[in-house]
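K.L.:
Put together the whole structure using the sequences plus the hints.
Per the numbering used here: the sequence shown = residues 350 to 734.
Read the hints as simulated data drawn from the structure, not as lab findings. Since this is a predicted model, take the numbers as computed values, not measurements. Beta carbons are placed, not taken as given, at the ideal position from N, Cα and C, and that holds for glycine. Accuracy of the hints is not assured; some may be wrong.
[Stated by the list, open to error] Straight-line distance between alpha carbons at most 30 angstroms, and here's what the computed DSS-like set of lysine-lysine pairs gives:
1. Lys-438 to Lys-415
2. Lys-518 to Lys-462
3. Lys-462 to Lys-600
4. Lys-456 to Lys-438
[As the list claims (entries may be wrong)] Restraint ranges, calculated between C-beta atoms of paired labels, are given here:
5. Lys-456 to Gln-391: 22 to 32 angstroms
6. Arg-455 to Thr-390: 45 to 55 angstroms
7. Val-536 to Lys-462: 48 to 58 angstroms
8. Glu-393 to Leu-519: 21 to 31 angstroms
9. Ala-489 to Pro-609: 33 to 43 angstroms
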Amino acid sequence: MSDQIRKIELKDGRVRYRFVVDVGRDPETGRRTQLTRTFDTQREARAERSRMISETAQGTFVRPRKLSVAEYLDQYLEGATRNVRPSTKRSYADALAPARTRLGARKLQDLTKADVEALVTWMATSGRKRGGKAGTGLGARSIGLMLGRLTAALEMAQAEGLVVRNVAKLVTPPRYVPAERETWSAVEVQRFLGEAAGDRLHAAWRLSLYGLRRGEVLGLRWDDVDLDAGTLSVRRSRVLVEGKVIEQEPKTRNGVRTLPLDDELLGALRALRTSQARERLAAGEAHDASGHVVVDELGAPVHPEWYSDEFGRVSKRAGVKRLVLHEGRHTALSLMEKAGVPISVVSRWAGHYDASFTLRQYVHADHTEDMRQGTAALGQLYKIN
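P.N.:
This is the structure in structure tokens:
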């Protein structure tokens, strides 16, 4: 028997094999660390001792820690979201919530691929916490977001020497096929705007059909609008995060942009400016001088959810198919592309970093007319005289 592995006889007569091994200095304290391990057989003890010595020499040995998955994810979120927008911070936390809830009590170093696989299965079958029926599964996108964020967290844990490997990387995410967004045709847009012509928020509805996000429309201030030059500048968003309305800067530099105004929108904004001046006089001291473009009769910024609901009510009165508000943005970008505007211009208009993303996610072409051209061509070619 190796001198480094001691045979231990317990009081009940059973035999164990124990060794002490030096695993280098603790990176936090700087002190040398020795670990003691005990096994049922000499073979197990010898194999584990060899592994620990080899990994220590290679710098890959991971010291045992009692850190739980929940504790580590909290640490990860604190560091990963230090310099991001509040809405991004919320999205990170939401993505990791299932992992924190289901796996949080486990030791981080004990986490296995099977644990993550079980989490994915649970999410796919009964992970829905709100919306839909209790006990129904979440979609592939939600599962993919969780798995992607957990993978990033464990990647950091591995880099910090807290885990040997990233077990989330070993799990295949479910296939995600984005649902096709609905958009309006130019005729439907005209019908909607015709109905909205007498609405006090007529200019706002035009902005929402001008390719702007809801938050960008609601974050717009009159200081951002140059009625003489005929331009508006997107500099911030007014969004809902954890039930609170906040204002934040665009995620990327591309999100900050200046757009020229068409004559119809310019006229609508001028009319809105005039009507708000009358409302300000009528409100007197009760008026809220927020400076926002989209406000109620007292000058206070409107709530994002109310704005989306009101869009639906105007759509219903117009007799057009129901869209969610964000699909108004999709409509604008799709109609621009269909009209022959280069995709690079459409992407810059949208505030996107990558034109291919705009093409994949926001441009929804109606190929009916193109297909009819194909029908006509084949019909002519195959015609029997």
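K.L.:
State for each hint whether it applies.
P.N.:
Going through the hints against the structure:
1. For the hint pairing Lys-438 with Lys-415, the CA-to-CA distance comes to about 27 angstroms; that is within 30 angstroms, so the pair holds.
2. For the suggested pair Lys-518 and Lys-462, the alpha carbons sit about 9 angstroms apart, so the restraint of at most 30 angstroms is met.
3. Distance hint between Lys-462 and Lys-600 is unfulfilled; the C-alpha atoms sit about 33 angstroms from each other, more than 30 angstroms.
4. Simply put, Lys-456 and Lys-438 have alpha-carbon atoms about 25 angstroms apart, close enough for the 30 angstroms limit, and the pair holds.
5. In this structure, Lys-456 and Gln-391 meet the distance hint of 22 to 32 angstroms, their C-beta atoms being roughly 28 angstroms apart.
6. A beta carbon spacing of about 27 angstroms between Arg-455 and Thr-390 contradicts the range 45 to 55 angstroms that was offered as a hint.
7. Taking the beta carbon of each, Val-536 and Lys-462 are about 53 angstroms apart, inside 48 to 58 angstroms as hinted.
8. Between Glu-393 and Leu-519 the C-beta distance comes to about 25 angstroms, which sits within the given range of 21 to 31 angstroms.
9. Our hint of 33 to 43 angstroms for Ala-489 and Pro-609 holds, since their Cβ atoms are close to 40 angstroms apart.
Hints 3, 6 from the earlier list are contradicted by this structure; the remaining hints agree with it.
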